[in-house]
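J.: Take a look at the letters that make up each chain.
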Amino acid sequence: MAAVTVGDIRPGPGGPSTAGDPARGTLRVTVEGSEPRVFELMPDPALSAAAARSVGRLASGPGADAGGRFEVVVDGWRFEVSVEPAARAALRDRVRRTAVRAGVGRHAVRAQIPGRILHVWAAPGQAVEAGARLCSLEAMKMENEVRAPHAGTIERVSVEPGARVEVGDELVVIA
Amino acid sequence: MGTIGDIAAVFAQRHLPVAVEASPPFRRVLVANRGEIALRIIRACHELGCEAVAVYSDADADAPHVRAADLAVRLGPPPAADSYLAMEVIVAAALATGSQAVHPGYGFLSERAEFAEACERAGLTFVGPTASTLAGLGDKLSARRAAAAAGVPVVPGTLEAVTVDEDGGMGDVIAGAQAIGWPILVKAAAGGGGRGMRRVDRATDLRGAVVAASREAMSTFGDGSVYLERYVAGARHVEVQLLGDAQGEIVALGDRDCSVQRRHQKLLEEAPVPGLDVQQRRELHALAIAVARAFGLRNAATAEFLLEPAGRFWFLEVNTRLQVEHGVTELVTGLDLVQEQLWIAAGRPFGHRVLRAAEAAAVPTAHAIEARISAEDPARDFVPAPGTITRWRAPAGPGVRVDAGVEEGSVVWTDYDPLLAKVMVVAEDRPLALRRLRRALGEFEVGGVQTTLPFHRWIVGHPAFIAGRLSTAFVPDHWNSADVREPALLRAAELAAAAWATTAPSAPGADGPRAVGSGAVAEAASPPRRAAQGVPSEAHLGRSSWARTARREAIERWPR
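Chains C and A, in that order, give the protein sequences. Be aware that the first sequence starts at 1063, since it is given in our numbering, and climbs by one per residue. Be aware that the second sequence starts at 286, since it is given in our numbering, and climbs by one per residue.
Chain A extracted, bound-state conformation:
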C-alpha cells in the first residue's frame, strides 16, 4: 500500500457493507420526550448516525437524556403543559436546531393529531402515523367500528356513544346493556389508562356510572362520549406489535402478554404470549393486520386484544405509537424498532431483517420479560413516591437490558410519570427467562425512593405466575403487600440496630454513634438527602394522618 489512493480503496472495500447503510435516514432528529424513552430514542439515532436533539423542562436540565443528546433545547417550566406538551415550542425548537424529523416517543404528544399536523405544516417529518390516522384511532368508538367492519371480532358492546337525558331516557341504554350481558364496562371513547371507565354489575347502577364516566371523560379528555362494553371475566390482555411502511406493507412482529396490571396500568409484560400454539398466534397476528389495514397504518402500532379463557380473541384498541413494552419484542426478534421507525419515516420500504422477523413471528424461539420499575409504593396501593435517588445499582450481565432514565442523584418529580427503569431479560424459553429476571431483580438496589421492586421480586416467585396462569385480575387476586412487607420490616429493624451498634463508640456513657463506618453507611451519608430532610417529626411520632381521596383513578400516567 503506497499512495493515499490505495489506502482509500482498501478502506472502502473493507467497509463496503457498512457504507451502504452509512447514510442515515435523517441528519438530525428531535426527540420530543424525556426519561428512559428519550434516552432510548437518542441511542437509536446515534447507532444510525443521526444527530439527536433533546428537549427538556427546567426540572430535567441535568437529566441523562439531555447529556446524551448532541443538542438540547429548554422548553419551559416543569409542568408538562408548559414543556413537553407545548407543541409550538417544540416545533420551533426543531426548526431552530435544523432537525428534519421529530420522534414523539410514547405519552405526551405521541398520539396528538394536531401535533403531527403541526410538524407536517412546518416541513418536519413526524415519526409516526399520518395525522388523519391519529385522529381516526384516537376515538375508540371509530376504532371499534372500523375493526368490526373489517371482520375482526370486537368486545361485545355498543358501536355508538350512549347518552343520558336529563329527564331519564335510559330505557334504550338499559335494554342495550341487557343485550350485551352483565357485568358491563362504561368506557370513554377518547379514553386511555382506565380513566373515564366504570364497571357496572346491575341495571340500577348503570345510569350513575354513565353520568360519572362521562363527566370524568369530559374533564380529562375534553370529550364526554362513553360507550358500553362487556366485562370479560378472567381475560388476559394480549397485543400484537405492528409495523407499516410508507408503501402500504404491514407486518406483525410478534405478540405480548400484558395481563399483569393494576387499575389498567401495566406492571410486567412478556413476549411471546405464554401458552398459545402456532395456530392461535397466526390467528391473532392476522386479526391485528386486518385492523391495521382498515386504518391504513403507517409506522409502529400495537393492536390490543382480550384473550378469553376459552381461547377467543376480542379486539380492544389500537395504539399508534411505540409502546413502553416494545423492548421485549426487540429482544425476541433482534430488531431495533426505533431504528425501523426512523427508516419508515424516511420512506424506506421494509428491509430483509423486518420481513424475516415477520415470517418467524408465529414461531418465536426466545422469551423476554420486562418489569417496569416505578417510583411507587406497592404497600400503599402503588401511590407515587417522589424523592431523590440516593443509590442506584442497576442489574447487568448476560441477557439483561435495562432502559433507565435516571441515575444516582436524580430527582423523581411529581410532574411526570413515575417510571424509572425497565428491566428486560431474554432467554431461550420462559422458565429460563424467569430465572434470569429473578437474578436481575435481586441485583437491583435503589435507595432514596420506594420503588415497585418488592412487587416484581414477589411476582417472579409466585407459583401461579410461574405456571403462566395470568389474567388482568392477577394483582387484585394475589397481591397482599402487608404479608410480603412484614418480614422485610423485621429484618430492617435488626439491620438498623446492627448498623447503629457497629458505628457506635464503645466508651461507657456514650449514647450515640460518632464514628461513621465504611461501606454503605459512609457512602450514603452524603450528599445531603432531600428525602431525609423532609421527614418531619410528626411522621416519626405517628401523629400525622394523611388521607388519599377517591381520585386515585385519576392518576395521570403514560397511556399503555
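Okay, chain C solo, but in the shape it has when bound:
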C-alpha cells in the first residue's frame, strides 16, 4: 500500500467537495476476474489523491464507454475494476434478467489469453452442458481448456486447430 505522505492531505483533482457529493449516491464496484467481486460503497474523498497515483483508466471493455473501467495496482496486485452508480447497475440487472428469460442467451466465448488453438471439441449444432470442453489454447507452452460457461447449443465454431488467437477473439458461439 502506498505510504501516506503529506500529498495525501491535498485534495485531489476535482477536490473533495465534488468528489464526495452524497447526491451521487452509492457506487457498484466490480473487481473483475474469474470470480468477480461486487461491492456497493460510497466513494471516500480522502482517497482521491492516492487514487490519482495508483489508478489508470481502461479505454475499453464493459463500462468503458461510460469511462468507468479502471486498472488499479495495489501492493503489486493488478485489478481491473468497473464502477458505475448502483442505481444504474440495478436497472441493467433487471433488463438482463428479462432478456435471459426471453431466451436471448446467445453469446460468444472469447479468448482470454493470446495463443494457439490446439484442439477443438465443439462442433456446430452440438448440445453442451455447462463446463463442457469447447477447445484448448496453448499459451506459453501450456494447454488451457476453454469450457462452456453455460448449457446451450453450439451455434458457431470460429477457430480451428493451429489458429493463432489474440485476447478477445471469438472462439465459439453458444446459443
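Since the hints were made in silico from the structure, they are not lab data. Each statement offered as a hint is correct.
Simulated restraints, written as ranges between beta carbons of each label pair:
hint : chain 1 : residue 1 : chain 2 : residue 2 : range
1    : C       : E1228     : A       : D347      : 15 to 25 Å
2    : A       : D347      : C       : E1222     : 27 to 37 Å
3    : C       : R1154     : A       : D355      : 50 to 60 Å
Calculated Cβ distances over 12 Å to all of chain C for the following chain A residues:
hint : residue
4    : V458
5    : R638
6    : A749
Taking beta-carbon pairs under 8 Å as the criterion, some of the chain A residues facing chain C (in silico):
hint : residue
7    : Q735
8    : E779
9    : A783
10   : A784
All of these numbers come straight from a predicted model, not from anything done at the bench. Cβ atoms here follow ideal geometry from the backbone N, Cα and C, with glycine treated the same way.
Got chain C; can you put chain A on it based on the hints?
T.: For chain A alone, kept in the frame of chain C given last:
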C-alpha cells in the same frame, strides 16, 4: 604545450592505464539471446569497447536489446524454434556481420553442444565451454558419475539409467530404490527445470512414475533416460560460481542460495549463502572446484548442491553457462562476469581482479539479493500473464541494480520466458540488504500485466525468510496468495470508487464521468491498451470458466 606531438604525448601519458586494456577481447560480438540478458551482455561489450550485434525475432523488432546494439539481424518469426533456436541462421548472421565471437547468454542455445560446434566450425569463438564439455555435462548421469569419481558426494541414487521392461522387470529397480531410501525422485538424465521429474513415496508408485517421467523426458528432451535420486527433505539449494580460463586455471567466486523456488523455478536468490561459516564455505567451494576440474571446465559455470539441514553438501549438477542470478555474485565481488567470460574466450589468463576475488570468496564482505520479476500471476499458481506493459517505474537509488529487458509499451509475448526484470540490491550485510530490497520493491510500479511483485514484497517481510530459515519447500509451506491478495483487493475497490468520483461531473443526472483527471488516470488512458481491449464481457459477468490442465509442469522456461 605547443605542438601536436606534445599534446599527444600528454594524452598518452594520462590515459596510459586505460590504454593497456583499451584493446578489446573481440572487435565485434554477436549476442544470441533476447530480453534482459541480451541487454546485459551488450552493455558488457560496450564497456570493453566491443561492438555488439543483436538478433531478434519479429516479436522483438523494437525491443530494447535491438536498439542498444550496434547492429541487429532479424532471425525469423516469433516462435523460438524459428528464431532464437535457429542455429544455422544465427551462425550465418554472425558471419554476415563480421562478428568474431558469439555469446549465447542463458537458455536457448547456451548449452547445446551442436551450437558450440557449429560456431567453432564457422571460425567463430563460442563464449562458453568446449562442445565436448557441453556434451558431457548435458547428461546429468555422466555429471553424477564424474563427480562421484572425483570424490565429491553426490545425492544418493543410481549412477546408471533405470529402465522398465514391458513385462515387469521392476524388481531390480525397486530393490535399488529401497537401498536409496524413500521418498525418491525420478529424474530425467537430460532434464532441467523440473521437467521429467517425479517424486515417489511408495514402492507401488515407482513403476508408474518411472514410465511417466521417461515419457515426459522423451517428448521434451528427446532422451527418455531417467535415474533415481533420494529426495532430501528440508534441503536448501546452494550453488558456487566458477570460472575457468583457457590455461586450465579454475576459481570459485562465491556461493549463492537459491532455495526460494516453486516447481523448481527460482524466484529469489542471494549471495552469499546465509548462515555458513568460513570453514563450510571453503569446503563448498573446494567441492565445486573438484567437480569443475573433473570436466576440464572453461569459461563460466555453476555447480549446484543440496545443503542438508545437518550441514552436508550433496552435488546436484553443473550448469556450463552464465546463470540468471549471476548478478548477485557480481555485486558481492565487484567483478563483471560477462566481461570476464569474453576475456576468457579471447584466451587471456585470469587477471588480478579475478584472483583477488577468488581469494576473498570464502570471507564475503557484502550481501546481495535478487528478485526475479516475471509476468506471472502469483494468485493463480504463477501462471504466465502476457499482455502489454502500460506502466513501468523501476526502482533506483543506492545499492540497487535493475536488469530489465522491457519498458513501457513492451508486449510480453507467450512465445518466451516471462522474466521481465531482475531487481538486485547490495549492502554490507543481509539485514541491510533486506531493508534495501523492501525499499526497492516498494518503488517498483508495473501496470498492464500482473507480475510476481506481490510475492516478492510478501517474502521480504516474512519472519521465516528474514530469519534465514530457508528451504526449497519455503514457497509451498508459506505462500497463501488469497490471504495476501484480499486486503489489496478491498483497497483496489475503494480506490476505483474514489477515482470514479474524482473524475465524474457533479451535475445531477449524469451517470458517468466525462472529465479525465490529471495524473495517472490521464496518463494511463493512452495509448490504447491491449489488455483492456481484450477483456471480454463474459469475464465481467463471471460466466466464463477456464481450466488449466495438468500440463503445468510442462511450462517451458529458462533452465536455472
